[in-house]
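*Asks:* Whole structure, please, built from the sequences with the hints as guidance.
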Amino acid sequence: TAGVIMSKLSAHGVKLVMPAVLTAFDEPAWRTKQASIHMLGSMSHCAPKQLASCLPKVVPKLTEAFSDTHPKVKSSAEDALNEVS
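Count along the sequence shown from 1, add 201, and you get the number used in my numbering.
Misleading hints may appear alongside valid ones.
Said to hold, decoys possible - Restricting the straight-line Cα-Cα distance to at most 30 Å, the calculated cross-link-like pairs of lysine-lysine (DSSO-like) are:
(1) K250 - K275
(2) K258 - K273
(3) K216 - K273
(4) K273 - K209
(5) K273 - K250
(6) K216 - K258
(7) K209 - K275
No lab work stands behind these hints, which were simulated from the structure alone.
*Replies:* In structure tokens form, the structure reads like this:
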């Protein structure tokens, strides 16, 4: 579903969505964190130029997710980091 959402966004739409996606990393619910991680991974395929300009903000958030207590958040962060790189 994250890929479908991202494929419908324009470059400007990605710029508008990015702050909300990054803010979701601070939510206590693991599913919210996992969804935002999936969105970031999907952005690498749909809007690589826009994501490239945000990498200084994105990469620290993804690496921070490696220390999350929930295994699905950790796994999603690893997958997203592989997609971005």
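*Asks:* So, for every hint listed, does it hold in this structure?
*Replies:* Hint check:
About 25 Å separates the Cα atoms of K250 and K275, which keeps this hinted pair within 30 Å; it holds. Restraint check: the Cα-Cα separation between K258 and K273 comes to about 22 Å, which is no more than 30 Å; the hinted pair holds. Distance check on the hinted pair: K216 and K273 sit about 27 Å apart at the alpha-carbon level, within 30 Å; holds. Of the supplied pair hints, the one linking K273 and K209 holds, its CA atoms being roughly 26 Å apart against a limit of 30 Å.
With a CA separation close to 28 Å, the supplied pair K273 and K250 stays within the 30 Å bound. Between the alpha carbons of K216 and K258 the distance comes to roughly 13 Å, so the proposed pair stays at or under 30 Å and holds. For the proposed pair K209 and K275, the alpha carbon gap of about 27 Å is at most 30 Å, so the pair holds.
Checked against the numbered hints given earlier, this structure breaks none of them.
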